[in-house]
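2 protein chains.
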Amino acid sequence: MNRNTKISKELRSVEALIKRDFSKENTISGLYKYIFKSNGKKIRAKLCLTTSSRTKNKEKIKLASVIELLHTATLIHDDVVDESPTRRGIRSVNNVWTNAHGVLIGDYIYSKAFIYLVDIGNKKILKELASTTNDIAQGELVQLDAINNVNITLNKLKKISYFKTGRLFEAAAKTGAIIANENKAFNYNVSECAKNLGILFQIIDDLLDYSDSKKIGKPVFQDIKEGKVTYPFFYSYKNANTREKKRLKDLLGVSRDLKSKDLELIKSLEGIKKTKQLAEKYHIKAIEYAKKIKNLDIRKEMIELADTALNRDK
Amino acid sequence: MNRNTKISKELRSVEALIKRDFSKENTISGLYKYIFKSNGKKIRAKLCLTTSSRTKNKEKIKLASVIELLHTATLIHDDVVDESPTRRGIRSVNNVWTNAHGVLIGDYIYSKAFIYLVDIGNKKILKELASTTNDIAQGELVQLDAINNVNITLNKLKKISYFKTGRLFEAAAKTGAIIANENKAFNYNVSECAKNLGILFQIIDDLLDYSDSKKIGKPVFQDIKEGKVTYPFFYSYKNANTREKKRLKDLLGVSRDLKSKDLELIKSLEGIKKTKQLAEKYHIKAIEYAKKIKNLDIRKEMIELADTALNRDK
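So the sequence lines, in the order shown, correspond to chains Z and X. So the first sequence is numbered by our numbering: it starts at 1 and just counts up by one. So the second sequence is numbered by our numbering: it starts at 1 and just counts up by one.
I should point out that these hints are in silico values taken from the structure, not numbers from a laboratory. Where hints are given, some of them may not hold.
Note: identical chains are not told apart, hence a pair may lie in one copy or across any two.
Claimed, not checked - Computed list of lysine-lysine pairs in DSS-like fashion (alpha-carbon distance at most 30 Å, straight line):
hint : residue 1 : residue 2
1    : Lys24     : Lys159
2    : Lys19     : Lys124
3    : Lys42     : Lys285
4    : Lys238    : Lys249
5    : Lys24     : Lys249
6    : Lys37     : Lys159
7    : Lys24     : Lys158
8    : Lys259    : Lys314
9    : Lys24     : Lys238
10   : Lys24     : Lys285
11   : Lys259    : Lys249
12   : Lys124    : Lys24
13   : Lys42     : Lys156
14   : Lys19     : Lys159
15   : Lys19     : Lys156
16   : Lys24     : Lys281
17   : Lys33     : Lys276
18   : Lys267    : Lys158
19   : Lys127    : Lys58
20   : Lys37     : Lys156
21   : Lys33     : Lys156
22   : Lys158    : Lys246
23   : Lys62     : Lys127
24   : Lys127    : Lys56
25   : Lys273    : Lys9
26   : Lys281    : Lys245
27   : Lys238    : Lys314
28   : Lys184    : Lys127
29   : Lys33     : Lys158
Construct the complete structure from the given sequences, taking the supplied hints into account.
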């Protein structure tokens, strides 16, 4: 079996494990089935299966499932936090049910992940993922400060991207390496590569939110509608004169989609260009670390993941 | 030092540990300080310190802190779920800040508890508390089915009381016994005692919600206002004729406090009396198991806790 087939097959095992195991209570099974009906890209689980690909230890399927469960729980809580009506093209939990259901099924899934983690029973992995979960919550909390805050610093935006997204990418790669008993250098290189890849992934996410809805097939301008200052807005605002700053400020929290003249303003102030440049910077960093990975298969896969993250258009 | 002084001193150490350790990010430290400003009763931490009282292992302070952190996280999420404006006599997090802050600081505190748990590094304790957290979320989810549901069964109500409250009492006592390396019989007796004590605690909570607000010094009729069917309503409804059933149904989800004639109806249909009888049943069970505990000090404290839970009027 070639490597790609092997990892795809393992990803199916992850899906099967997640879908198999939930409470028989009606409300819970209904929610659970709805949430895991659509299979996301599972890029985090894939990362974990890539860095653990040299072990035959079956526990890596459980570990990759933990990564996916943690990720899913944060998405569900995010949708409550942002009051998002949709997720992955279907209605969000808080939209079909209520905020209460979103909060509680998120807690249910978080704790399910910890149950699996305890089963795996590796203290280093437990430590890494407990601290990761805490960092993600921190990142999301700090992001609340970015709402309607035109004075947010670039450093704060980078911290948010790392904590809310880069951190779980990093932990997925690192715990994969730990379960496969890889050496320190390998562990360090895949972790740093994944961390930068995750930040890159988030920057592109912020960028795609300023693109043409028809092209990417999902709602756009969500961040600016929520009043959330992300990189494109940040860079434009920095380059703006007083009159332009006023125009930009008025866009934060608007209930409508941006008009083309608004988007033109952001483009002319280099918000899009500078964000792309930042993404490229993180792509270079990710590749740098990937190239230090001695195993050629894993190196290649990490580079592919970084390239995909940079070039994705949805 | 006598035992009471010792446990009180340990509870101060729990408070100190919790208050000492949090992120330096402004938003987070502000939330954290607000949440832990008032010192609750800490009955769950006390339970844990009681069953672990025969060990000198300093980790029990951390364990009791974990119990308190988990409890606090569930309260904060509960307040989002129930849209409660107050908690412990002060405004709730979701009221001072927003639902988003409540969800995220709850996640932050949950994961902080898991970080401490991993530090303690006892697999049995990890397993017990991961499964407890999952059960609490299940209990809260099942409780959503009790909203505006006059056909809920007594068994379902008991399951809710166990999962959302009894379970953490049980785990507090059990993990205390584990960390103190107590024998199997001790472990079983304190766990069963605490489980019944926790259910009793919840039943009294449901009962107090149907009492005179001036007497208990906190808002009452919250459950019925939220449309939540709890024991007093359940028993009254069961005894009601068609006309009374209609009157009771109309009370679910009212926005005002109950009038005295409404409360009279519930009383005359024995909702209060039967709930008290149920509480007494669980009190007897808790005492039964307490009496099997050989250590006389711990036995006495468990009996005192059960008596306090039954007789509290606020």
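ask   = Failing hints, ascending?
value = Hint check: 17, 25 fail, others pass.
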